[in-house]
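Protein chains: 2
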Amino acid sequence: MTCFTGLSAFPITPASPDGRVDPVALRALIAPLAAAGVDSIGLLGSTGTYAYLSRTERRRALDAALEEAGGRVPVIVGIGALRTDEAVALAQDARAAGAAAGLLAAISYTPLTDEEVFEHFSAIATGSGLPICIYDNPGTTHFRFTPSLVGRLAQVPGIRALKSPAPDSDAVAGQLDALRRAVPAEFRLGFSGDWNAAEAVLAGGEAWYSVAAGLFPEPCLAILRAARAGEAARARALNARMQPLWDLFKEFSSLRVTYAAAHNLGLCRTDPPRPILPLSEPIRNRVAEVVDRLALA
Amino acid sequence: MTCFTGLSAFPITPASPDGRVDPVALRALIAPLAAAGVDSIGLLGSTGTYAYLSRTERRRALDAALEEAGGRVPVIVGIGALRTDEAVALAQDARAAGAAAGLLAAISYTPLTDEEVFEHFSAIATGSGLPICIYDNPGTTHFRFTPSLVGRLAQVPGIRALKSPAPDSDAVAGQLDALRRAVPAEFRLGFSGDWNAAEAVLAGGEAWYSVAAGLFPEPCLAILRAARAGEAARARALNARMQPLWDLFKEFSSLRVTYAAAHNLGLCRTDPPRPILPLSEPIRNRVAEVVDRLALA
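Protein chains in written order, with my numbering: chain Y, 1 to 297; chain H, 1 to 297.
This is chain Y alone, in the form it adopts within the complex (with noise of 0.2 Å):
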């Protein structure tokens, strides 16, 4: 068991609207992660909204985790920043924080290449040491990795793992094969895309990277253990039965549908960074409305 199995939970980072981290409500967020038993801790992934706040308040978000969590539950943290130079520090400040792990993305402003992508990651890990995990997100970065480029990455020392969308059923088993003959064995293959993610368990991977787990921890760790058991038909129908979220998460994004629902369980009183606007009042109550009839609260 490393921080690259299992089930990664993915909280949302609160925040005031001039962007500064609110370690207390952080902090309330994340304790009953920990106390569910989940495998890892992902601060401030996409959701976590990493990419609007500044090295401080990263810093100041990373802190919160580690103290609320840290002992008992790996911390992996987003470490990705349009620039070179900034992501290496970031990293930097996550090792001397004591985070398990990075979280990498391939931001880009400029389309890159899969050769500056190669130089980009290969500066990070080497420059601080973190172990690192490749985060593949091509909804946000528009920058896609081939087997080919991340079997590169494999090599690099520090690279260790790879977070990516879980595509649908029919081509899971065939992604994951082209990855695995790419890495070697000890390289670990996880996924995202909640809606995807009992299916892509199910053919093997080996991390649930998961926005859902950020707030209702119970349900994604009985859809992870069972698919993780071999039981596909329980794993199945835990996950059937979370349908109505994932179609929500589908159609109005996990991000914000995860704020709407926090805001309507009272667990976080922020709206995301602006530009991005909080969901409007008839969509958050049909958020409400899923989250009750679920009874995911």
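Think of the hints as simulated: they come from the structure by calculation, not from any bench. Owing to the predicted nature of the structure, the values given are computational and were not obtained by experimental measurement. Think of the CB as a built atom: it goes at the ideal place given N, C-alpha and C, for glycine as much as any other residue. Some hints here could point you the wrong way.
As the list claims (entries may be wrong) - Computed, partial: chain H to chain Y, Cβ under 7 Å:
1) A89
2) D114
3) E116
4) L149
5) P273
6) I276
Model the placement of chain H on the given structure of chain Y, informed by the hints.
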């Protein structure tokens, strides 16, 4: 004539590897643009790597550009940022420094809805009082402005112009027509994408926002002036002569080619910000050969 018509020249922004702008090198790039008689300087555009520079360094670049060109040529400056509050601050900086206008892209990490982009742009225009040109650049932002959204934004006081990528020549008249029907008569429609810009100006585009002109203003001015005078055959012939440069832009990106050309010519010794890598030596040699053959320098 406003700053949103004619030829706008977009230079690169010389900076150190850790992101500190070199004002002397920047002024040396801007002086010949002003002397050539371009209609505006497009400072800190995508090629000017605004997305990779801090607020302090962007202000340093703007002050240098205004000192060099301010009295002679209006300076339009990139004010885009991921956060709304940061973009407001950059727009306020630009207005206080004396920029003629701000160029505002819909930078995103979490993909944005039309409503989010509308609110983002409105907040920046209202919060700064700076005249704003909408910067439609889906190649870097992955957000696409519809004519309908441009029309809504054109109603916001201060939002005055659009810079969008010139489509292929068979599509430009239709695109211009759709946009023109969506905006007030005084709203200015201009184009980027050097390889398609001549046809876009011939079709009625009011400005050419040009990367090539940031280094080679004369041949671009000749094309623009012929096109605006209705001398279509002459404009097309002058443009056809530039095709080897356009081909390099399309293959390697205008940003990377411009850095290589500036390097080859001894105009600027700095590389693009990492993770963007300088072009390899064989490709730099191809760039040098084209610059030499076209007698651009």
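Checked hints:
The beta carbon of A89 (chain H) is not positioned within 7 Å of any beta carbon in chain Y (closest approach about 10 Å), and the interface hint is therefore violated. Violation of the interface hint for D114 (chain H) is found here, the shortest Cβ-Cβ separation to chain Y being roughly 11 Å, above the 7 Å cut-off. This hint holds: E116 (chain H) has a C-beta 5 Å from the nearest C-beta of chain Y, less than the 7 Å allowed. Because the closest C-beta pair between L149 (chain H) and chain Y is about 14 Å apart, greater than 7 Å, the hint is violated.
Below 7 Å, beta-carbon pairs count as interface contacts, and P273 (chain H) has one with chain Y at about 6 Å; its hint therefore holds. Restraint check, I276 (chain H) versus chain Y: the minimum CB separation of about 6 Å is within 7 Å; hint holds.
Going down the numbered hints, you'll see the structure goes against 1, 2, 4, while the others check out.
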